[in-house]
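> Each chain, written out:
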Amino acid sequence: MRRRRAAAAALLVTSLAAAVTGCGGGGAAQGSNDNPTTLTYWASNQGADLEADKAILTPELEKFEERTGIHVELEVVPWSDLLNRILAATASGEGPDVLNIGNTWSASLQATGALLPWTEENFERIGGRDRFLDAAVASAGAPGQDPAAVPLYSLSYALYYNKAMFEEAGIEQPPATWDEFVEVGKRLTGDGRYGFGLEGSNLSNNIHQAYVLARQHGGDFFDESGEPTFTDPGAVEGVKQWIDFMAEDGIVAPGNAEYAQNQSLQDFATGKTAMLLWQAAGTTFESFGMSEDDYGVAPVPTPSGTPGQGTEVNSMVAGINLAVFDNTDNLDGALEFVEFMTSDEEQAVLNAAYGSIPAVESAQDDPAFDTPALNVLKDALATSAVPLPQVPEESQFETAVGTAIKDLFAEAAAGREVTTELVAERLTEAQQQVG
Amino acid sequence: MTTTVSPRTTAPAGGKLPPAGGGSRRRPLLPERVRRGGLPYLLLLPALLLEVLIHLAPMAVGVWMSFRELTQFFINNWSAAPFAGLDNFRVAVDVNAPVGEALLNSFLVTCAFTILSVGASWLIGTAAAILMQDTFRGRGLLRATFLIPYALPVYAAVITWSFMLQRDNGLVNHVIVDQLGLTDDRPFWLLGGNSFVALLVVATWKSWPFAFLIVTAGLQSIPQESYEAAAIDGAGMWRRVRHITLPSLRPVNQVLVLVLFLWTFNDFNTPYVLFSEAAPEAADLVSIHIYQSSFATWNFGSGSAMSVLLLLFLLLVTAVYLLLTNRRRES
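Residue numbers (the UniProt record's numbering), protein chains in the order written: chain A, 1 to 435; chain B, 1 to 331.
Isolated chain A, as found in the complex (with noise of 0.2 Å):
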């Protein structure tokens, strides 16, 4: 008997335990130049896989062995796990030196204190802060403060469309203007086939059009102090909007609600959808054995159909941030291989690698970035795109407003009517969720 009962609480606190989770370690230590010969790299997976990203990268990073003698450890993180990786370094205080980060990202980890501040003075080890897009650098850190990264690789929305399909419908020109958009998208939707594709489930995707469209209704989902807005008016159009494609407009197939892991691209390569607002999406079509002749490659449409500034612009300023831990025990080091990484010269080996756009403009003239569908994302990066808020709760804004929106999608996949109250009373709980 009491063995047994003995044998039940052990087996009752090992299976307890996995409730309860803990972190170790804390305290923040300053760098220092204590281990100068090596530095260690977290890398975002920017490729088709992380064996690809590994056989882009080495060589680079030899290179820079070879000319600096510090040899750098290369990890390649998954997206999935890149966000809880550096949570984990920061709460314990044993992370890499040098790590990829996405920008939308910045201002929270900028919060966190465990981030490199870019100063003035750092800005000047790596040959100052004008080399850098104005954009690109606006998403790197909250506005007033010292960026808490330097942007690697740029990116933005683009319009992406069959151009067979627009021939058979009889459609010349690619939408400028979102009336247009749902007109032609209308016309293409039919026989199983639909005008438009999104990924209803992917709570950035989700994020980074809503607030585009919000922006061009003139509304924004955090005011100037910081504070959530998430039932602004603006911000509740610009998410009807976005659910709208599929609830009222009917150019999106239902079952898009369910799609998070790019089955978009896939079904626009087989020719299931007609149009795309992607970054970069030509390696992946590739992939899928969609030819670059396919497909064309437009701005994202606007109200007046001009990509501008104001309630014109027509992306989010996506991209790759790279910063290094405060902590490092290779200050110099790190300074050194961000200053290789943002070289003219890598930046266009690594962009041109990853289909991305150099964050350096001097790099933006090599030929490999001169291509029709590059062109038209460096002018949206150029004219018309904006950062997501550069808050620190911009991370539970994702999470939030992006599962929001998902569950708005799925109610307009049931056939349900999604109206401006419906979306205004989710936008008000995840607003009450963010606190």
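Some hints here could point you the wrong way.
Cβ-Cβ distance ranges computed for the label pairs, FRET-style [to be verified]:
{"#": "1", "chain 1": "B", "residue 1": "PRO58", "chain 2": "A", "residue 2": "GLU425", "range": "34 to 42 Å"}
{"#": "2", "chain 1": "A", "residue 1": "GLU121", "chain 2": "B", "residue 2": "LEU316", "range": "44 to 52 Å"}
{"#": "3", "chain 1": "B", "residue 1": "GLN220", "chain 2": "A", "residue 2": "TRP79", "range": "22 to 30 Å"}
{"#": "4", "chain 1": "A", "residue 1": "LYS186", "chain 2": "B", "residue 2": "VAL175", "range": "27 to 35 Å"}
In short, the hints are calculated from the structure, not lab data.
The C-beta atom is built at its ideal place from N, Cα and C for all residues, glycine as well.
Model the placement of chain B on the given structure of chain A, informed by the hints.
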């Protein structure tokens, strides 16, 4: 518990064996009583230390965190996080505010899910084990087949389910809609209300082989003569199960149901792989809800408070369960 008896020939410190036969014994360093009683504890010590290190220490840290305002502003230096008193708990249990309301909803979903999943797993597992009791051709093969879901890595198994449950290209809808024609609409399984059913099916599919395995093992200890005697008395299959099998399995079932309950209630992998970052409301299990409340919103104090509440609830349920089942057996 302490029934192990240390053999009298245990070598004292120094490793010398006592002289064989007749010779006078050396005085042991420790009195016989302490040595006898102490050895089991000594042997248990490494396990105990590891237990404290691996399980209890993180739990203690979790409890500490639940009383702190551990948000993104403090994770870099979390010993400096301000004391929050009971604030985190107050927010978690205030069911009139959104955070508490969502937690309550998640808790109720988890309770319903656990009861149904454990019930179904136990029923299927026990039925299968009883049917596999008699020898017949192919029994070994069938038994091995039944254990496959339990042997597969969780991620691989559940991601396969998530492909099968896709609305447009999934196997499940292909069978239901295209082949059997049961409905005209293609239902969503990973969104909305159906997601509860999907989660339940996948979780049960994954856990019933464990029930099967444990019950099969338990059946081995029931003497065959009892069945033979019952058969001579004219008892049919059902009566034999009711009057011999189930009562004999009671101690096994007691542990089995408890373990299944705790595993199912705490299940994180299945919903996380099935629904990725944002589980639908109907399938928002409490473990994934807590994950969202800490990792997605970077409020580890609040997430820890919810974990502590969950821990207290599970402790309570387990204590009551053990008390009730023991009393019933003793009476």
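> Which numbered conditions among the earlier hints are violated in the structure presented, ordered from lowest to highest?
2, 3
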